[in-house]
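Going line by line, the protein sequences match chains W and C.
1 is the number of the first residue of the first sequence in the working numbering; add one for each residue after it.
1 is the number of the first residue of the second sequence in the working numbering; add one for each residue after it.
The hints are simulated quantities; they were obtained by calculation from the structure and are not laboratory data.
Beta carbons are placed, not taken as given, at the ideal position from N, Cα and C, and that holds for glycine.
Just so you know, not all the hints are guaranteed correct.
When the alpha-carbon atoms are kept at most 30 Å apart in a straight line, the in silico DSS-like pairs for lysine-lysine are as follows [to be verified]: (1) W:K236 x W:K209; (2) W:K401 x C:K29; (3) W:K206 x W:K285; (4) C:K29 x W:K199; (5) W:K206 x W:K84; (6) W:K401 x W:K206.
Residues from chain W shown here face chain C by an in silico Cβ test under 8 Å; the list is partial [as the list claims (entries may be wrong)]: (7) V275; (8) F308; (9) F413.
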Amino acid sequence: MKFVALVTFCLLLLAPTYPSSANDGGSDPTFLMRSGTEICLTVPDQNMEKDPYFWVFDYSHSMGEKLGRPWSVIEPNECYQFDKNGGRIFRIKETNELSPGSFRDHSSFKSNDSIPSNFCESTGCYEDRSISEFTNIFSAWPDLGLRETDIIFNTGITADSVFPTNYNLGILTTQFVALHPDAFPQLTRESPFTDMQEKYTELAEKFQKEIRECDDRQRVEYRAEVDKESSRLELKGQLWTWPDQDPVLIDIHPSDLTYRTDSLEILELIGCRQVYAEFLETHQKDIDQINKWLDELEKEHGNLEEEFHDPIFIERSDEAIEEMWSFADGSLEVTPDEEIFLSPSDVEVKEETEPEPEISSYQNDSPSETEKETSTEPRSPAPPDQEEFAETPASEPTKEKKRETVLLSEDPFVRLYLVLPILAFLGLLSILLYRRYRNK
Amino acid sequence: MYFEDVILWAFVITVFTETFVILIIQRPKEWVQWLITIVCLNALTHPPTLYLLHIENAPYIAVEGAVWLLEAAGLKYLFDLTWRRSLILSGVANLASILAGMAVRLFI
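Next up, chain C with everything else stripped away, as it sits in the complex (with noise of 0.2 Å):
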């Protein structure tokens, strides 16, 4: 596949499935608020994590940890959650993503 279709599907699947499953577990009333506040995060997120990962090669844990601290801090302070709930939630969301990842480069 090359490079720049790996970049534009890796942030499709990664919205999709972090709106998804952040929608899913919260349900809230605000749910257009929530939706494009998700998209935005990881609008903000995704183009560095890739390019530490993808370019610069720098270590996966870290750069994945990183992600999960800041999409948390944004949904905390975004729509006044506890750490332990937005903590959950970004946690969640990022895990089911990198499956759905990896998932799909298995039919690819």
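Isolated chain W (complex conformation) (with noise of 0.2 Å):
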């Protein structure tokens, strides 16, 4: 008796150490959920706050009803998160009638109430970005729709630049063509070019769906900061963060959204390498046939780039087609461009923030103290292009998402954890017949 209450005397010691919310119990606080990258704008310009005008993110539907508030004003380093329907982002003039308090108290409001029908009849509130204009990256779809895809899938791969196809078909091909037919020679309404190219949307269709199975980025942060000139929102970048891997910062050409950083050397940094490899190695046979289908139309109206001009077809040089082939097999190394990583001390790590209060309890014009939260660790030096970025911390998951994560989980083990109290009370009940039929 004396051993059990030894026991339970060494458990009670135990519990101090553990904290009354359960976590992980490391030191990092915050379970990490592989389903889905949190998709999320910041803007980290501290120059935002003199600005006569302030911003709020509006967010979608869907988004309000998940965070429980409509709209959020912006701060410095915050990060603010966005899914497939978008959002959209206010730049307000400050007047006696429109503060930011007047959008922090959100308590007269419902989650998915929008600021135009709340704020701009009189005046004062003008649309500075909507969120698609920072997120309508290049995909691989023939169409120009925003589809759930284009939003999470913010690699900057292109289809065009991965496959090695004797011309680069690239989103004017798969796109335009596809939107406005009759604006393109007649070659492009018949066939092999309409084979080719609902073969060659199959595949990039194909390829989207693994890339986005084996990217594991924890976060991507689209950068935005205040144009002097024009007082207006322009994405400058993105920060893509890992669990396990140093931060890097991409940079993005704000006048067309293309990523300076290039297809390949995004493939390497995202770990997907070897998916692309067997993606190549499984489908070669489709690639002959579109290669088989451009020597047919080549055979019929000579060089297509010179003949069709560029938008349509631009040739691809046997290198940039071995390059391709070579970094498949791992015998060419492709490493990014060392200025993107960012070490652990580039980055300002703000403390963990808490949950945001309730929506009643937005009653003041004052910021709350999550909003007026600052960094707790100094910043060591860095590079002057990257003074401005800091990382702003994952957020807890709520109790619905860890339980949406584990009853919805495509891991065979998980699924298996899930099934096994049902296993373990059938085996135990043959244990005891067995013992029982045993002994008699």
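With the hints in hand, could you dock these two chains into one complex?
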């Protein structure tokens, strides 16, 4: 009995080592969710506060309902989540009637309300950006409509830059030709071009799906800054973070939203080179078939780039094709530019923020404690072009999110884990029956 | 660490440690039967425990206490042990698995 008491006492001693709200107990109290990369917008621009304007992020209805508030006043270095339904950013001139405080008090609004219908009827609101202006990244799809994958699949990889076809059949082939068939030559409306387009699109869709599965970035942060001349937000780049590797900062051309890092480098960066190699191996016949169709067109029309100009066909050099195959088979090392890598000391990591208060707690005009929170760690010297970039903390997933992650997990081991109690119960019952049978 | 990995690692550590500790203390002749029973008992208690602690944020001591008693009851009825013996086995095994879990976390 003394021993039992000792064991109980030891268990009780352990109690203070565990927080009352359970977490994984490690140094990082936040669980990471494998299902889905968090996509958000940050304005890491301290000058924003000096501007006569302030900005408000108007969430999509779905995100508003998820977060329990319809909008948030944009504060430097906070990350504002968005989903496939996007979101809108409003630039508002501070007046007696409209102040940031007006937008922080959500108590009289529903989580799916929108800013224009509640604030902008008289004057003072300017829609600065729709989030789709930042996320309308070239995709492999043959239409321009935003699909779920366009927003989630934020890698900058384009099918034409990784498919080793003899001609670069880029976005113009897959998108514009499909959308505006009459604007292009007759050959684009006939076989074999249409067969080729169909096959190319099918391959692009498959590739997109496979890359999404292998992409394990924890978060993609869109980084925008206030343009001093126009006072509008301009996209500057993306900060990608992983649970177990250094973050990277990818520059994006603001004019056409193309990435400065090329697709093969991105494949290496996100750890999907093997998936790319397997994809090419599996679909080599399809690539050959596309090249065969291109040969047929060449026989009929001569050099396609010369004949139809570069919007549709851009001839690809043998070296460029060889580079893709060599990258896939591992004989070519592609190293992303070192400048994009940020060591953990280059980025300012803020302490874990508490979950935002309930809607009813937004009753005053001053920023909440969360919003006022500043860095707790001294920032080490960073290169000048990285001075403004800071990593915002991952937020602790909600109970619902955790539950959803476990119950809807596609991991076979997790699925087995979920049915373990039933299997174990049957196992124990069998053992009991076996023992009784044997004892008779 | 990802949530799914946390769950699976926690289960593996618990099963391994508890089995090891109980078999060392008890040294049963029918060790295969004991091994299967311990794995089954853990498989029965671990998913609900994890759900309560890590998703519902239930009080730690209450949940661990319940697991201790449940596993002790299982050992008692399946192997005709005394309450004292089964409580000791279950308690030491659970304590060892908690300590092993904490030790593992220090290295990851």
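Run the structure past the numbered hints and jot down the numbers of the failing ones, going up. 2, 4, 7, 8
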